[in-house]
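Trainee: Listed here are the chains, written in short residue letters.
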Amino acid sequence: MSDSPGAAFPVTPTPSATPASEPSSSSWFAAILLAWLIPGAGHFLLKRPGRGALIGLSVTVMYLLGLMMRGALFSPQSGDLLTTVIYCGGFLGNLLSGILYFLTVWLGYAQADVAGHVHDYGTKFLVAAGLLNLLGMVDAFEIATRRKD
Amino acid sequence: MPKVNLSHFEASLLFALVTSVVLGIVTKRTDRERFRYAVYCFACFLGALFGLSWLMYLGHG
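These protein sequences, in sequence, are chains A and B. In terms of this note's numbering, the first sequence is numbered consecutively and its last residue is 149. In terms of this note's numbering, the second sequence is numbered consecutively and its last residue is 1061.
Simulated from the structure, these hints should not be mistaken for lab results. Even glycine gets a Cβ: it sits at the ideal position worked out from N, Cα and C. Treat the hints loosely; a few may be bogus.
Restraint ranges, calculated between C-beta atoms of paired labels, are given here [as the list claims (entries may be wrong)]:
id	chain 1	residue 1	chain 2	residue 2	range
1	B	Phe1050	A	Leu107	33 to 43 Å
2	B	His1060	A	Ser24	52 to 62 Å
3	B	Lys1003	A	Ile99	14 to 24 Å
4	A	Tyr87	B	Leu1049	35 to 45 Å
5	B	Leu1058	A	Val105	19 to 29 Å
6	B	Glu1033	A	Phe29	40 to 50 Å
Below, simulated DSBU-like cross-link-like pairs (lysine-lysine); rule was C-alpha separation at most 35 Å, straight line [unchecked claim]:
id	chain 1	residue 1	chain 2	residue 2
7	A	Lys124	A	Lys148
8	A	Lys148	B	Lys1003
9	B	Lys1028	A	Lys148
10	A	Lys47	A	Lys148
11	A	Lys124	A	Lys47
12	A	Lys124	B	Lys1003
13	A	Lys47	B	Lys1028
The shape of chain A in the complex, shown without the other chains:
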């Protein structure tokens, strides 16, 4: 029965069609790199400008509020376990803000850690901005690998 309708139209995809539909590793790497360096830019690269603008605005507002509250940037320190976790984790959180962090350091806006609840909130805002950018990077990765729209 080789002349049945099913034989003429195979339902399984041909091997040549599968690799073309899969994203290349360079595309998602570029999206993640751009999303880290400029918050929201990964979404712009992936043609999601609305979401990119909102993520970029949110991260930037959080970061600027942290700076204006005179929050301190972490630098990696070693010592006991708690000190290492707090300072290295805080440094990573700051670093995740990408260009915002580098501009702050290069332009001399990094401030010393001082006592006070406003400064303390500022320090947390600076780290939280980096963590929000990390969420944006993960979202850009999922879009680039077509796990979500």
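Dock chain B against chain A, hints included.
Mentor: Just chain B, lined up with the frame of chain A:
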């Protein structure tokens, strides 16, 4: 760089607002779901904020 002096409540409110926006964007798949989830997250933040504030106030005596 201008300096801002925010109270605990104002800082927490701003944190909740910005975080809710990002959580809404990255979590759901449609714009309607994103908006609803962002509002839900913001409401949860506010609930935790007021709840913990009252807890600390009553616990402090």
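Trainee: Take the hints in turn and mark each one as holding or not.
Mentor: Each hint, compared with the structure:
Against the hinted window of 33 to 43 Å, the Cβ-Cβ separation of Phe1050/B and Leu107/A comes to about 39 Å, which satisfies the hint. As the Cβ distance of His1060/B to Ser24/A is approximately 58 Å, the hint placing it in 52 to 62 Å holds. Between Lys1003/B and Ile99/A the beta carbon distance is about 23 Å. The supplied range of 14 to 24 Å therefore holds. Hint check: Tyr87/A to Leu1049/B, Cβ distance near 28 Å, so the stated range 35 to 45 Å is violated.
The hint said 19 to 29 Å for the Cβ distance between Leu1058/B and Val105/A, and at roughly 43 Å that hint is violated. Hint check: Glu1033/B to Phe29/A, Cβ distance near 29 Å, so the stated range 40 to 50 Å is violated. Distance restraint check for Lys124/A and Lys148/A: the Cα-Cα separation of roughly 30 Å lies within the 35 Å cut-off, and the hinted pair is therefore satisfied. Restraint check for Lys148/A and Lys1003/B: the C-alpha separation of about 40 Å exceeds 35 Å, so the hint is violated.
Between Lys1028/B and Lys148/A, the direct Cα distance comes to roughly 9 Å. Compliance with the 35 Å bound is thereby established for this hinted pair. Using a Cα cut-off of 35 Å, the hinted pair Lys47/A and Lys148/A holds, with the two alpha carbons roughly 13 Å apart. Note on Lys124/A and Lys47/A: the hinted pairing holds, with a Cα-Cα distance of about 31 Å set against a maximum of 35 Å. With a CA separation close to 16 Å, the supplied pair Lys124/A and Lys1003/B stays within the 35 Å bound.
Between the alpha carbons of Lys47/A and Lys1028/B the distance comes to roughly 18 Å, so the proposed pair stays at or under 35 Å and holds.
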